[in-house]
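2 protein chains.
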Amino acid sequence: MKRKHWNVKASRYVHRDAWIAVRADDCETPEGVAVAPYYVLEYPDWVFVSVFDDDDRVMLVHLYRHGMKEMSLELPGGVKDEADASPVDTAQRELLEETGYTAATVVHVGSMTPNSATHTNLVHSCVALGAKRVGPPAQDDTEDIEVEFVEVEDLLEMIDDGRFKQALHIAAFYRALRYRKMLKMMQGA
Amino acid sequence: MKRKHWNVKASRYVHRDAWIAVRADDCETPEGVAVAPYYVLEYPDWVFVSVFDDDDRVMLVHLYRHGMKEMSLELPGGVKDEADASPVDTAQRELLEETGYTAATVVHVGSMTPNSATHTNLVHSCVALGAKRVGPPAQDDTEDIEVEFVEVEDLLEMIDDGRFKQALHIAAFYRALRYRKMLKMMQGA
Chain A
3 MKRKHWNVKA SRYVHRDAWI AVRADDCETP EGVAVAPYYV LEYPDWVFVS
53 VFDDDDRVML VHLYRHGMKE MSLELPGGVK DEADASPVDT AQRELLEETG
103 YTAATVVHVG SMTPNSATHT NLVHSCVALG AKRVGPPAQD DTEDIEVEFV
153 EVEDLLEMID DGRFKQALHI AAFYRALRYR KMLKMMQGA
Chain B
3 MKRKHWNVKA SRYVHRDAWI AVRADDCETP EGVAVAPYYV LEYPDWVFVS
53 VFDDDDRVML VHLYRHGMKE MSLELPGGVK DEADASPVDT AQRELLEETG
103 YTAATVVHVG SMTPNSATHT NLVHSCVALG AKRVGPPAQD DTEDIEVEFV
153 EVEDLLEMID DGRFKQALHI AAFYRALRYR KMLKMMQGA
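One line per chain: the protein sequences are A and B, in this order.
According to our numbering, the residues represented by the first sequence are 3 to 191, in order.
According to our numbering, the residues represented by the second sequence are 3 to 191, in order.
Treat the hints as calculated values from the structure; they're not laboratory data.
A few of these clues could be false.
[Claimed, not checked] Quick list of in silico lysine-lysine cross-link-like pairs, DSS-like style, CA-CA up to 25 Å:
{"no.": "1", "chain 1": "B", "residue 1": "186", "chain 2": "B", "residue 2": "134"}
{"no.": "2", "chain 1": "A", "residue 1": "183", "chain 2": "A", "residue 2": "134"}
{"no.": "3", "chain 1": "B", "residue 1": "11", "chain 2": "A", "residue 2": "71"}
{"no.": "4", "chain 1": "A", "residue 1": "11", "chain 2": "B", "residue 2": "71"}
{"no.": "5", "chain 1": "A", "residue 1": "186", "chain 2": "B", "residue 2": "183"}
{"no.": "6", "chain 1": "B", "residue 1": "183", "chain 2": "A", "residue 2": "183"}
{"no.": "7", "chain 1": "B", "residue 1": "71", "chain 2": "B", "residue 2": "134"}
{"no.": "8", "chain 1": "A", "residue 1": "6", "chain 2": "B", "residue 2": "71"}
{"no.": "9", "chain 1": "A", "residue 1": "186", "chain 2": "A", "residue 2": "134"}
{"no.": "10", "chain 1": "A", "residue 1": "71", "chain 2": "B", "residue 2": "186"}
{"no.": "11", "chain 1": "A", "residue 1": "183", "chain 2": "B", "residue 2": "186"}
[What the hints assert, rightly or not] Distance windows between CB atoms, simulated:
{"no.": "12", "chain 1": "B", "residue 1": "132", "chain 2": "A", "residue 2": "136", "range": "51 to 59 Å"}
{"no.": "13", "chain 1": "A", "residue 1": "37", "chain 2": "B", "residue 2": "83", "range": "13 to 21 Å"}
{"no.": "14", "chain 1": "B", "residue 1": "151", "chain 2": "A", "residue 2": "145", "range": "42 to 50 Å"}
{"no.": "15", "chain 1": "B", "residue 1": "135", "chain 2": "A", "residue 2": "137", "range": "56 to 64 Å"}
{"no.": "16", "chain 1": "B", "residue 1": "81", "chain 2": "A", "residue 2": "134", "range": "39 to 47 Å"}
Heads up, the beta-carbon is just placed ideally off N, CA and C, and yes, glycines get one too.
This is chain A alone, in the form it adopts within the complex (with noise of 0.2 Å):
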């Protein structure tokens, strides 16, 4: 296969603020075709957490998402911060903010990219065992997070009929469980 790139003549930033970084690229081809402006969506990685508790079922989150202006349902997670060493401090972090739940085993099961045409960042599949709330979540003003726990085959039905349609979450979901099966199938279960 071809390795190909293209090159960047000229880069601006066209809006910058807390929640999004717009980038302007003016690129060129190999073959010299000009890409002008090409715009590239600048973000810090972000870490989806497939939690399952001690009864092997998985937890959802609801919550409302300005995007598609609508509840949506998801795993949790959330943007992973300077301070965390590794997707799996995100994940743990994130899981005790949100709801209110720690895991006894947290493992980074694989990196993605969330759109290579235009995001600059990975996603990160966490798997979570063992999980049991500790107290209550710390949830910010702007937050306002349900939490329910699901048999796996049910989640899977969710996704196939569309109740559960986040891409990123249904590809971080489904690496999970391929890990999960994994682990499952090692251990002789």
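Here the structure of chain A is known, so what remains is to put chain B in place on it, guided by the hints.
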């Protein structure tokens, strides 16, 4: 579960061009907390196609993606034009343009959101069966797309180990795989 929506007090575009529209909404939660500005990215829908040939291998495309500044392995697909009556139309058009292939059957498996927090659009997963090359692709002069077919198990491994890492395409493929399995079960294959 609660149904809650933010009120939009004011709305404006901070940047709008051929490939991007960044909207800033001044919002207020039901509890009266201001979230202003909240940035929303407006896009048309996208369609990704899991294309199978008669040997049940799945098509991958390999192309440069400037968000990540690297070559990316993906499913074929693209933007749903206003002229496309359905995601199936987009799937057939993009498949032919990008790769020079047509398929005997194309089915719309389901719709997802690329990111309910920030995006307004949907991602559609389609399955194409019985793909055959009918001629050269009609790529535009900024595209340089290579096509290959791999076994389903190989793609699953490429997802597991991070070689195939675009999360929207991973979600689209897993949804397609569930559909394909259901279809085979119904056909007694």
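Quick rundown of the hints versus the structure:
For the suggested pair residue 186 of chain B and residue 134 of chain B, the alpha carbons sit about 20 Å apart, so the restraint of at most 25 Å is met. Taken as a hint, the residue 183 of chain A and residue 134 of chain A pair is honoured in the structure, with Cα atoms around 21 Å apart against an allowance of 25 Å. Between residue 11 of chain B and residue 71 of chain A, the direct Cα distance comes to roughly 14 Å. Compliance with the 25 Å bound is thereby established for this hinted pair. Only pairs whose Cα atoms come within 25 Å are accepted, and residue 11 of chain A paired with residue 71 of chain B is accepted, the gap being roughly 14 Å.
Restraint check: the Cα-Cα separation between residue 186 of chain A and residue 183 of chain B comes to about 23 Å, which is no more than 25 Å; the hinted pair holds. Under the criterion of a C-alpha separation no larger than 25 Å, the hint pairing residue 183 of chain B with residue 183 of chain A is consistent with the structure, at around 18 Å. Of the pairs offered as hints, the one joining residue 71 of chain B and residue 134 of chain B is violated, with about 31 Å between alpha carbons and a cut-off of 25 Å exceeded. Distance restraint check for residue 6 of chain A and residue 71 of chain B: the Cα-Cα separation of roughly 10 Å lies within the 25 Å cut-off, and the hinted pair is therefore satisfied.
Among the hinted pairs, residue 186 of chain A with residue 134 of chain A is consistent with the structure: their alpha-carbon atoms are about 20 Å apart, no more than 25 Å. The suggested pairing of residue 71 of chain A with residue 186 of chain B is violated, with an alpha-carbon distance near 37 Å, which exceeds 25 Å. Pair hint residue 183 of chain A plus residue 186 of chain B holds up; C-alpha atoms about 23 Å apart against a cutoff of 25 Å. Checking the proposed 51 to 59 Å range against residue 132 of chain B and residue 136 of chain A shows it holds: the Cβ atoms sit about 54 Å from each other.
In this structure the hint that residue 37 of chain A and residue 83 of chain B lie 13 to 21 Å apart at CB holds, the actual value being about 20 Å. For residue 151 of chain B and residue 145 of chain A, the Cβ-Cβ distance of about 45 Å falls inside the hinted range of 42 to 50 Å, so the restraint holds. For the pair residue 135 of chain B and residue 137 of chain A, the supplied restraint of 56 to 64 Å holds, since their beta-carbon distance comes to about 60 Å. Separated by about 45 Å at the C-beta atoms, residue 81 of chain B and residue 134 of chain A satisfy the suggested range of 39 to 47 Å.
Consistency with the previously given hints fails for numbers 7, 10, ordered from lowest to highest.
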